[in-house]
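Turn these sequences into a full structure, and let the hints steer you where they fit.
2 protein chains.
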Amino acid sequence: MNFLQKLNRAIETNNSFLCVGLDPDYSKLPSHLKNLQYPLFEFNKQIIDSTHDLVCGYKPNSAFYEAWGHEGIYQLKLTFDYLHQKYPHIPTILDAKRADIGNTNLGYIQFAFEYLGVDSITLNPYLGKEAMQPFLSYKNRGLFFLCKSSNPGSGEFQDITIGERKLYQIIAQQVSQNWNQNNNCLLVVGATYPRELADIRQLLPNMTFLIPGVGSQGGDIQQTVNAAKNSDGKGFIINSSRNIIFASNEKDFAQAARQRAIEVRDSINSCL
Amino acid sequence: MNFLQKLNRAIETNNSFLCVGLDPDYSKLPSHLKNLQYPLFEFNKQIIDSTHDLVCGYKPNSAFYEAWGHEGIYQLKLTFDYLHQKYPHIPTILDAKRADIGNTNLGYIQFAFEYLGVDSITLNPYLGKEAMQPFLSYKNRGLFFLCKSSNPGSGEFQDITIGERKLYQIIAQQVSQNWNQNNNCLLVVGATYPRELADIRQLLPNMTFLIPGVGSQGGDIQQTVNAAKNSDGKGFIINSSRNIIFASNEKDFAQAARQRAIEVRDSINSCL
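In the order they appear, the protein sequences are chains R and C.
According to my numbering, the first sequence holds residues 16 to 287 in order.
According to my numbering, the second sequence holds residues 16 to 287 in order.
Among these hints, one or two may not hold up.
To be verified - Stretch by stretch, here's where chain C covers chain R in the computed footprint (C-beta under 8 Å, at least three residues):
hint	segment
1	121-129
2	143-156
3	164-175
Stated by the list, open to error - Dumping the calculated SDA-like pairs for lysine to any residue here, alpha-carbon to alpha-carbon at most 25 Å:
hint	chain 1	residue 1	chain 2	residue 2
4	R	LYS101	R	ASN30
5	C	LYS144	R	ILE177
6	C	LYS92	R	GLY84
7	R	LYS154	R	GLN196
8	R	LYS144	C	GLY178
9	C	LYS154	R	GLY168
10	C	LYS49	R	ASN118
11	R	LYS101	R	PRO54
12	R	LYS144	R	ILE185
13	C	LYS43	R	GLN148
14	R	LYS43	C	GLN125
15	R	LYS92	C	LYS92
16	C	LYS154	C	ASN193
17	R	LYS181	C	GLY168
18	R	LYS49	C	ILE175
19	R	LYS92	C	GLU86
20	R	LYS92	C	LEU93
21	C	LYS92	R	TRP83
22	R	LYS92	C	TYR41
Calculated from the structure, these hints are not laboratory results.
C-beta: ideal position from N, C-alpha, C; glycine also.
In structure tokens, the structure reads:
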């Protein structure tokens, strides 16, 4: 089973297009967890247990773990080990936005696909296909390439016009048409840019998008779903992090996250 | 003292434009080190002790450490701690090619500038200045932005022509003219592209370049120095990794690395 099959099966099983970002900013953790040996992992575990039937994926962002050095990386591993053992049908995404040249990528591959054992990873396309070949050859893992990012200033380079196209469109087309021999490439497109999202959907009717930027960053769910869905009403997942995992910072945080996840899942489904 | 001052002082003190890449590919380590508790660190320590008077910087690439998970990250920390304590005048570069949006970068900043305590880091510019602002505001750390990378396929996006300029030139200009308020930005340009290196030097007489790609990747030192030097015969550092650190994989590896480092340092200096 390749990554897209696993992802689509999870979407169907849980009737959910919601991916939860496991970004445990230490300063926002409930105070009763802060003094545990593995606070990031303990927080994640309770969020996972309370939302696993509501999501189509979990996406920890590496930065929140690297911040704590080797101890943080160990908690990232504990998180993925827990997910893979207890909920093996839920796809995992390492949000790491990595890219290096040629064989140096083998180190990142060993980190992501062997040490952490993730199903998929986010990557930065700037170095080109030839550099990313070690990733592209992994047929059964998903590769999410940054295309149009959700930040307010993403247009500085991504919106540069070349002939009749913008750079993010050129990257979307190259990834879709020339990098995707193994059907393992996906694209990251921010919910904060519904027009660009619609552009890319029109250009690429069959690609699957990871869409961050709803909730705290301000992306609108109805606009996002309208722009992102393919002709089957599929082809996307929507990530939400802070809005869900920090719904409460009291002892009820996991239950509050569950309630918020239900709301967001249903809100997405109601737009379809 | 900002990063550029520290770098220029180290160049003068050691009369060297050579940066050594500490990329301890485990499969290439001398066999007598492989069973130690911290093989990557022990290897690095001996390379550092035998070359510290010949270099203007050390650049560990994070991928070679992440490959070993939290234990690798700990050895990366041991390496930087050793450098900062024993050779505090030698600039350190974390080659991580990181980039994320806004506050997520704070995690990478905590990893690089606090946990590891590095003097500088390599970054990917694709997300734009607004995303990289948390890094840009660190006045006393160096930020090396990827511009024209050394890999054979780097032209796929970097050489796209926009009007009369190529994307790598636009990025070089933006970083130099609009991102560099704190005089903490530098550029990464591959030795495998001497014409492009000369283009960027002409465009930006005052920027400093980190130049990988000599040695194993095939970049020529004479061509590189001719293309890279500014009007003072400065403004660049040349990185070499495998060619130096794996000069021998026997017990004499550190001495062999010293000999190779002398050759490369002298070879660069003889071109000036």
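Hints, verified against the model:
Look at the segment 121-129 of chain R against chain C: 5 of its residues bring a Cβ nearer than 8 Å to a Cβ of that chain, three or more, so the hint holds. Only when three residues or more bring their CB closer than 8 Å to a CB of chain C does the claim for the segment 143-156 of chain R stand; here the count is 4, and the claim holds. Taking a C-beta to C-beta cut-off of 8 Å, the segment 164-175 of chain R contributes 11 residues in contact with chain C, enough for the three needed, and the coverage statement holds. For the hint linking LYS101/R to ASN30/R, the alpha-carbon distance of about 19 Å falls within 25 Å, and the restraint holds.
Restraint check for LYS144/C and ILE177/R: the C-alpha separation of about 20 Å stays at or below 25 Å, so the hint holds. As the CA atoms of LYS92/C and GLY84/R are separated by approximately 8 Å, the hinted pair is consistent with the 25 Å bound. Taking the CA atoms of LYS154/R and GLN196/R, the gap is near 9 Å; set against the 25 Å cutoff, the hint holds. Proximity of LYS144/R to GLY178/C is assessed by CA-CA distance (about 24 Å); at most 25 Å being required, the pair is judged to hold.
Proximity of LYS154/C to GLY168/R is assessed by CA-CA distance (about 21 Å); at most 25 Å being required, the pair is judged to hold. For the proposed pair LYS49/C and ASN118/R, the alpha carbon gap of about 21 Å is at most 25 Å, so the pair holds. Restraint check for LYS101/R and PRO54/R: satisfied, since their Cα atoms lie roughly 19 Å apart, inside the 25 Å limit. Proximity of LYS144/R to ILE185/R is assessed by CA-CA distance (about 13 Å); at most 25 Å being required, the pair is judged to hold.
Proposed proximity of LYS43/C and GLN148/R is supported: the alpha carbons are some 22 Å apart, at most 25 Å. At roughly 16 Å between alpha-carbon atoms, LYS43/R and GLN125/C fall within 25 Å of each other, so this suggested pair holds. Between LYS92/R and LYS92/C the alpha-carbon distance is near 18 Å, which keeps this suggested pair within the 25 Å criterion. Note on LYS154/C and ASN193/C: the hinted pairing holds, with a Cα-Cα distance of about 15 Å set against a maximum of 25 Å.
Of the pairs offered as hints, the one joining LYS181/R and GLY168/C holds, with about 20 Å between alpha carbons and a cut-off of 25 Å not exceeded. In summary, the hint linking LYS49/R to ILE175/C is not supported, as the alpha carbons are separated by about 49 Å, beyond the 25 Å threshold. Using a Cα cut-off of 25 Å, the hinted pair LYS92/R and GLU86/C holds, with the two alpha carbons roughly 12 Å apart. Taking the CA atoms of LYS92/R and LEU93/C, the gap is about 21 Å. The hint holds against a cut of 25 Å.
Taking the CA atoms of LYS92/C and TRP83/R, the gap is near 12 Å; set against the 25 Å cutoff, the hint holds. A hinted pair counts as satisfied when its Cα atoms are at most 25 Å apart, and LYS92/R with TYR41/C qualifies at roughly 21 Å.
The structure fails to meet hint 18 from the earlier list, while all remaining hints are met.
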